[in-house]
Each structure stands twice: as structure tokens, then as C-alpha cells.
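Student: Protein chains in written order, with this note's numbering: chain R, 23 to 487; chain B, 211 to 400; chain C, 263 to 511.
There may be inaccurate statements among the hints.
To be verified - Quick partial rundown of chain B residues pointing at chain C, CB under 10 Å, derived from the structure:
| no. | residue |
| --- | --- |
| 1 | 217 |
| 2 | 230 |
| 3 | 290 |
| 4 | 348 |
| 5 | 354 |
The set of hints was computed from the structure by calculation and includes no laboratory data. Glycine included, every Cβ here is placed at the ideal spot set by N, Cα and C.
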Amino acid sequence: MIRAKGFGWRHAGRKAWAVRGLDLRVERGERVLLLGASGAGKSTLLAALAGLLAADSGEREGTVEVDGRVGIVFQDPETQIVMARAGDDVAFGLENHAVPPAAIWSRVDGALARVGFPYGRDRSTAALSGGEQQRLALAGALALRPDVLLLDEPTANLDPAGAGLVRGALREALDPGTTTVLVEHRVAEALPLVDRVVVLEPGGGVRADGPPDEIFATQGDRLVAEGVWVPGRPVEPRHACAPPGEALLTAEKATIRDRLAAVDLLVREGESLAILGPNGSGKSTLALLLGGLLKPDGGRIAATAALAGPDAATPPHRWRAPALARRIGSVFQDPEHQFVTSTVYDELALGPRRTGMPDGAVRSTVDGLLSRLRLDRLAAANPYTLSGGEARRLSVATALAAAPALLVLDEPTFGQDRRTWVELVDLLAGLRDEGRGIVTVTHDPDFVAALADRTVHLRANQETL
Amino acid sequence: MNNNRWRTVDVVVAAVLGVAFGVIFWAWGLLWDGPANAIPLPGRALIYGIWLVPAVLGPLVIRKPGAGIFTEFVAATVSTFFGSPWGLVTLLYGLFQGVAGEFAFAATGYRSWRLPTAIVGGALAGGAATLLDVINYYPDTSAAWKWAYAALLVLSSAVIAGVGGWLLTRALAQTGVLDRFPAGRERVPV
Amino acid sequence: MRAVLARRNPVAKVAAALVFTVALVTTLDPVPPAVAIAIELALVPLFGVGYRTLARRAWPLLVSAAGVAVTMVLFAAERTGDTVFQAGPVEVTTSVLNGALGLALRVIAIALPGVLVFASTDPTDLADALVQNVRAPYRFAIGALAAFRLVPLLGQEWQLLRLARRARGVDAGRNPFAAARIFVSTAFGLLVGAIRRGTRLAVAMDARGFDRGGPRSRARTQRFGTADAALVAGAVVLSVAALWTGFAT
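My request is simple: use the sequences and hints to build the entire structure.
Tutor: Structure representation (C-alpha cells):
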């Protein structure tokens with residue numbers, strides 16, 4: 023059983039409370055979906071329930087009580103695995119709880135079987151896919167026989183196949199006696215696992231609490247506005263109204279050893295092209311090739327005169343960086359990879375300055391981007407302190423700052439809430455309608471449905487499997 | 211509460227800093243090493259300080275006794291597993307340099323984390339490296355040569371590891387990633 | 263089946279390598295390190311390491327040894343013995359050449375055992391042995407081991423950070439100062455990401471009771487047996503023998 027009374031928590035270094043005035047009671051065996059806008063304190067609440075808020079890392083109000091043992095699975099698979107071998111990793115928690123050595127390995131095997139882990143104990147954890155790693159993390163939590171299982175967006179960092187694996191494992195593994203609290207933006211996928219929905223008010227306790235149907239009937243619109251993916255509320259598609267323009271870039275049998283099998287494709291002005299394919303098919307590698315960041319091992323990537331003028335004779339990977347940034351903007355999967363300065367303003371000014379724009383023009387370009395992407399308030403902030411949605415908007419803005427004719431994006435919607443998602447789709451659709459070429463590597467079927475004018479499917483690369 | 215007890219986040223972040231520096235050293239080697247490595251003076255000695263950054267950064271970020279030793283030792287271990295051709299010697303260097311840098315912070319009773327302490331820490335770590343280099347590689351050279359070598363290394367370590375490590379800690383604190391550490395609490399709340 | 267010496271307790275392997283290292287530091291005579299190198303090369307197959315792997319890992323050693331020898335020839339303080347040749351102000355004598363050779367061989371002889379040990383040791387086994395056989399603090403050994411898992415991840419991250427800088431319009435061309443600036447910016451990005459990951463990893467470890475205090479149990483056992491003691495003893499005997507060849511000649 024879980025009981026919170028007037029609970030509040032403020033992280034060290036923050037002015038605002040992450041959670042405040044929260045009263046909540048969850049009975050044994052209940053399965054609760056916890057919803058709320060980004061920043062409503064869902065993860066903080068889970069950490070509190072798991073006893074992971076250290077006294078020296080913030081300020082506490084009220085009380086939280088949990089009966090029995092708690093297990094938790096987090097969002098990021100890479101930072102939950104402790105050991106190099108799968109079995110050792112499940113055993114890690116058992117060792118810490120002083121389970122007798124004789125009992126450890128049977129409990130490890132039991133937990134691995136319960137989540138449908140397809141390999142043996144000796145499997146290297148580095149060789150697992152994201153979905154497999156999350157199953158292993160779940161096994162590590164279940165091996166401790168928790169009375170309460172907390173799940174903090176366990177599928178948000180996974181591709182659809184991996185997310186399916188984890189949800190399947192959850193359906194199989196949850197027994198009726200285990201109390202479960204799940205945080206998840208993608209409600210439709212989570213609904214089969216829960217029987218109660220609790221909506222948090224940012225900084226203000228519980229706003230709504232009840233059975234799913236009732237909550238979505240009364241709270242649906244507000245949840246949608248807050249960025250939650252409420253079932254049955256599709257997004258308006260934004261396909262091109264005009265036919266595509268001239269070709270910008272072509273790939274001819276472009277390949278990279280062990281990473282990408284030969285690809286032919288054409289990128290055009292005023293067209294949104296989506297690149298799809300399973301894990302290991304080399305989608306991200308292809309994005310780097312099209313972005314002029316890698317040299318193909320075989321075949322070629324060629325720019326047209328429409329994109330590069332006289333430089334079209336040299337392949338993009340040999341252009342100097344400023345020339346590249348003026349023509350092709352790349353948006354990486356992790357926005358933080360692209361940050362090189364210490365304020366949002368400088369981050370946006372960097373590209374235009376490098377490409378030799380005069381000061382006055384730099385300022386007006388940056389101000390335009392700040393307001394277009396709702397970043398004005400953050401101009402002086404350190405880029406690394408931004409929230410996930412803000413960091414994503416900034417990374418797109420940095421690529422736009424040098425006004426490239428072609429934009430290459432790698433999983434731009436990954437882990438974003440519905441609000442940022444819609445903003446991104448609108449922005450990219452607008453850029454496309456201005457006549458730019460948009461290439462997006464993605465796993466996200468909703469994104470493809472909403473924005474792709476054309477799709478290219480890559481096949482799994484045999485050599486990498 | 212015992213301020214000198216290491217929390218899990220202290221242990222793991224110190225280790226991860228060491229690991230990150232193992233990777234940075236590897237990349238540094240790709241960029242600058244090669245045959246130029248065979249000529250020890252003077253250019254190589256001037257940039258020597260980069261090897262000692264973890265010995266200063268660890269204590270400045272973690273602020274616990276032993277942070278310099280642990281961070282520098284983990285960085286050396288990663289280099290060794292990465293295939294450092296020097297094997298165990300790298301580990302001994304890591305240990306010695308970490309211990310030497312640690313003296314600066316220990317001398318203040320683990321209370322000062324300011325720039326002068328960092329500079330002394332860097333210089334001491336550089337001194338330890340000089341000593342090992344002279345014993346290990348240059349035992350028969352002239353005294354003047356040894357002193358010149360020592361001066362360059364200590365200077366380089368004081369600047370790159372000392373000043374550099376201190377600046378790096380400040381810049382990291384600005385990004386918010388050190389919010390769980392005292393070093394990050396000096397940032398204005400947002 | 264793993265090779266006979268590769269299977270030894272990791273702590274025993276490290277101790278044996280350390281014995282060799284410490285013994286050889288005491289001499290500048292070229293004969294003992296030459297003998298030691300011969301012994302080490304003969305033992306390579308017993309560690310299950312291929313000579314080709316060893317060559318790939320250890321070739322920079324040769325460069326370093328050459329550098330050390332050149333420094334000696336140029337800057338050696340003592341120049342006794344017959345003059346072999348004169349190059350400008352540098353008088354190269356037999357004693358200088360002897361010393362340079364001894365030093366170059368010593369650099370190699372000291373490094374090789376460590377290379378063999380680490381090439382044949384699993385990090386998990388090493389951490390277990392450190393905790394169980396020499397009472398290293400558990401939280402530090404396992405914390406370091408967990409951080410170790412991030413090495414390949416951070417290696418990939420480094421590449422991406424470099425490419426991202428180019429995508430932002432930042433490159434160095436042939437300017438070494440610009441290259442150094444980009445290196446620092448890349449390293450900074452790597453550190454920020456690494457600390458973020460470390461913080462999350464620490465929370466995940468605490469969630470599984472890493473810091474709960476109280477007793478623990480062991481899922482894996484590392485034993486320090488007779489064969490392991492014999493390995494260390496063997497290292498002592500062999501290093502003494504190598505040193506003795508120096509006195510004998």
C-alpha cells in the first residue's frame with residue numbers, strides 16, 4: 023500500500039517545487055497510470071516512492087509511506103545495467119539484499135524467464151538491444167520480489183518493436199498481488215496494463231483520479247493541451263500541397279562497411295522524405311552520410327547545383343564545415359551533442375557567425391528563431407539546463423540558423439511529449455512549404471503519417487546481425 | 211551526517227569521470243601522438259598537464275577524501291584495458307599522480323576547493339609524474355636536463371590540470387549536471 | 263578451455279606482473295631486461311594471447327623505447343668508455359650506448375607483463391577478486407566496474423560529438439589552435455553526458471540496494487589457490503633469475 027500526505031519536494035538548485043501538496047492512496051494490487059504535463063513531478067513522485075530522494079539533494083514536505091519492498095524501472099536502458107553479463111546484472115540486487123548464494127542463481131533464472139529474456143545468463147549486456155536491456159532491467163527489479171513495482175516511462179527510449187517487447191514482458195510478469203504505478207506519455211499503449219488513472223497538477227497535487235474512461239472523458243482536452251497522447255485524438259496530417267521542386271542531393275549505391283548496405287535515393291526541394299527501417303539497418307548512418315558528415319566506403323553522395331552551386335562537383339563530406347552548415351543542416355538524435363556554447367543565444371548565433379553573416383543580420387536571425395521556436399525567455403540560459411522539449415527545439419533552431427536548403431533529422435520526435443511533437447511537425451511542414459528539403463530518419467509511425475510525402479525503407483543489414 | 215562518507219552518486223560519478231577521461235586520453239592520443247611522441251621535449255612536456263586533469267577535477271567535483279586518487283586511478287585503468295602499451299606502469303602512474311594531487315586538498319582538511327588549491331594540486335601531480343618519468347625513462351640524464359624537464363612538467367600541470375580543472379568544474383556546474391554535488395550548488399537556482 | 267595462466271586469479275596475475283616491474287626498475291644493465299623480455303615472450307601463449315594481438319597492442323612501446331634511447335644518447339650525464347662516434351657537440355661513447363640500450367629494453371620489459379595480464383583478464387573477475395581476495399572496498403570496485411560498462415558508449419559518443427561540431431559549421435582545417443579548441447569543446451560535451459549518465463546509473467544502483475548497508479552475499483566466487491600462489495612465486499623466481507644474469511655477465 024502507498025500513502026502520501028501533503029507530500030512535496032524541491033530539487034536542490036531549483037526555485038520551483040517539483041511536487042507539492044500531494045495526497046494519494048494506492049491499495050495493494052492496484053495498477054495506476056500517472057499522468058501530467060512534462061515537469062508535473064511524475065518522476066519525482068516515483069523516486070520518492072522508491073526511497074531514492076536523498077535528504078541532501080533537496081527539500082521535503084509532508085510524508086510518503088510505502089508498505090513492503092519497492093522495485094523500479096527507469097526510462098534509459100543504458101544507465102540501468104550495472105554488470106557486463108546479463109545474469110550477473112540480475113544477481114546484483116540479490117547480492118545487495120544478502121540473498122544466500124545458493125538461492126541467487128535460481129532466482130536469477132526465474133526472473134529472466136518471467137520477462138521472456140531470450141538468452142542465457144552469460145549474454146553480454148552490451149550486445150543487447152534497447153528493448154532487451156529494458157527487459158533485463160525489469161528482471162533485475164522482479165528478482166527482488168517487490169510488493170510495489172514503479173515504472174518510469176519504461177518504453178519511451180525504445181523503438182516500436184522494443185517497446186512492444188517490454189509491454190509484452192510486463193503483461194506476462196505482473197502478478198495480481200503486485201501494486202504497480204506506471205508513468206507513460208503514450209496512453210493507448212499503457213491502458214491495457216492499468217485500472218486507475220491519476221493526473222498530477224504541476225506543482226499542485228492530484229487534479230483528477232479515477233477509472234480511465236471517466237478521466238479521459240472529463241480531462242481529455244486538457245491532457246492533450248498538456249502534451250499527453252490521449253487515445254482517439256489523431257493529429258491533423260500536414261502533407262505538401264505543392265509538387266516537389268528540384269533535386270538537392272542524391273545517393274548512388276552509397277554504403278558503409280558493416281553499417282549500411284548500398285542505398286540509392288533522391289532528396290528534393292519542398293518534399294519531406296522519411297527513412298524507415300529496423301534497428302541495425304543503418305538509418306542513423308545514412309543520416310550522417312546525407313548530412314555530409316561521413317565519407318561513404320562505396321558509391322557516392324552527390325549534391326546538385328541547386329544545393330551547392332559550383333561546389334556540386336565535390337562530395338559534401340569534403341566541404342569545409344561552414345559551407346556545409348549553410349547548405350545542409352543536421353539535427354542529431356541527442357540534442358546535447360550539438361551544443362558548443364554556454365548560452366542559448368550564442369548557440370543560435372554560432373552558425374550565422376561562422377558563415378560570415380554581418381553582426382546586425384546575426385542578431386535579427388537569432389531573434390527571429392528565438393521567437394519562432396518559443397525560446398525567447400531562455401536566450402541567456404545554459405543550453406544544457408533546458409528541458410527535453412526545449413533542448414529539441416533549440417537543436418532544430420541551431421541547424422536552421424545558417425538557413426540551409428536541406429535539413430536532415432535523426433529521430434527528432436524521440437521521447438517528446440505531444441505538445442513538442444505537434445510543434446515540430448508544424449515547424450517542419452512550414453519549412454518544407456517554404457521549399458526546403460526535409461529528410462527524417464524515424465521509427466515514429468505517427469510522424470510518418472503526419473508529415474512524410476515519400477518514404478524509403480531500409481532493410482536489416484545482414485552483416486551487422 | 212558524515213560529510214566525508216561517499217554516497218553512491220559520488221562513487222559512480224567519480225568513476226565515470228575517470229572513464230570519460232580514459233576515452234578523452236585515447237582520442238588525444240589519436241590526435242597528437244604518433245612518432246612525435248618519441249621526442250620528449252619541449253612540446254610534449256608543455257601539454258603534459260592534460261594527463262593530470264582527473265587528479266584535480268575529481269576532488270573539485272566530488273569533494274571527498276580520496277576523490278583524486280580514485281578518479282585518476284580509474285582513468286589509468288581504462289587506458290590500460292583500452293590497450294595502453296604501458297600496461298601496469300600506467301596504473302602506477304595513475305596511483306602516484308592521484309596521491310600527489312590529493313595532498314593539496316588534504317592539506318586544507320578537505321575544506322578549500324578554490325583556485326589556488328587546484329593549482330597546487332595540479333603542480334604536485336605534475337611533480338609526481340616528473341619523478342616517475344625520471345626514474346623510469348631518463349635516469350642517466352644530466353641534472354640540468356632533469357630540472358628543466360621538471361620545471362616544464364610542473365608548470366604545464368599547474369596550468370592545464372590546476373587552472374583548467376578549476377575552470378572545467380565551474381563550466382560543468384553551469385550546465386546543471388552537478389546539482390547533486392556541493393560544487394553545483396554554487397549556481398544560482400533556476 | 264582458457265589458457266593455463268589466463269585462468270589464474272586476476273589478483274595473482276597483477277601481483278606477478280608487479281613483481282617483474284619492481285624487480286626490473288632496480289637495474290640499468292641491458293642483460294636482465296633482455297632476459298625478462300625473452301621469458302615474457304615465451305609465456306605469451308600460456309596467457310592465451312596471440313602474438314599478433316600483442317604486436318598490435320604493444321607497437322607504440324617500441325616508439326616510446328626508441329624515444330627514451332634517443333633522449334639518453336643526447337642528454338646522458340656520464341660519458342665514459344670509448345668514443346663510438348661524434349655528432350656535433352654530442353660524443354657518443356660505449357657507456358652511453360649501453361645505457362640507452364638497457365633503458366629501452368627496460369621500458370619494454372616492464373610494460374609487457376601488464377599488457378599480458380590485462381589482455382587476458384575479464385574486468386568483472388578482476389573486481390570480484392579485488393573485493394574477495396584483497397578486501398578492496400566493495401562499493402568502489404563495483405562502482406568502477408559499472409562505470410566501465412560505459413566505455414564503448416562514450417567512445418561512440420565521442421565520434422558523434424565530433425561530427426556534430428562539423429555539422430554546426432565548426433572545423434579546424436590545419437590550424438592546431440582551432441583543433442585544440444574543438445577538442446576541448448568535444449571533451450566538455452563528453453563530460454556533461456558522462457556525468458548525467460553516472461548520476462542516473464547511481465540512482466538505478468541505489469534502487470537495487472547498492473547503498474543499503476548491512477550484509478551482502480556473493481553470486482560469484484574468486485578463489486586464490488595454490489596455483490595462484492605458484493604463479494606469484496614463479497614470477498619472483500624468474501625475476502630474480504633475470505636480475506642474476508646481470509650480475510653474472
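Student: Indicate, hint by hint, whether the structure satisfies it.
Tutor: Hints versus structure:
Look at residue 217 of chain B: its Cβ gets to within about 7 Å of chain C, closer than 10 Å, so that hint holds up. A least Cβ separation of about 4 Å between residue 230 of chain B and chain C falls short of the 10 Å threshold, and the interface hint therefore holds. Contact between residue 290 of chain B and chain C, as hinted, is supported at the beta carbon level, the nearest pair being about 5 Å apart and thus within 10 Å. Contact between residue 348 of chain B and chain C, as hinted, is supported at the beta carbon level, the nearest pair being about 6 Å apart and thus within 10 Å.
The closest approach between the C-beta of residue 354 of chain B and any C-beta of chain C is roughly 9 Å, which is under the 10 Å cut-off, so the hint is satisfied.
The structure meets every hint from the earlier list without exception.
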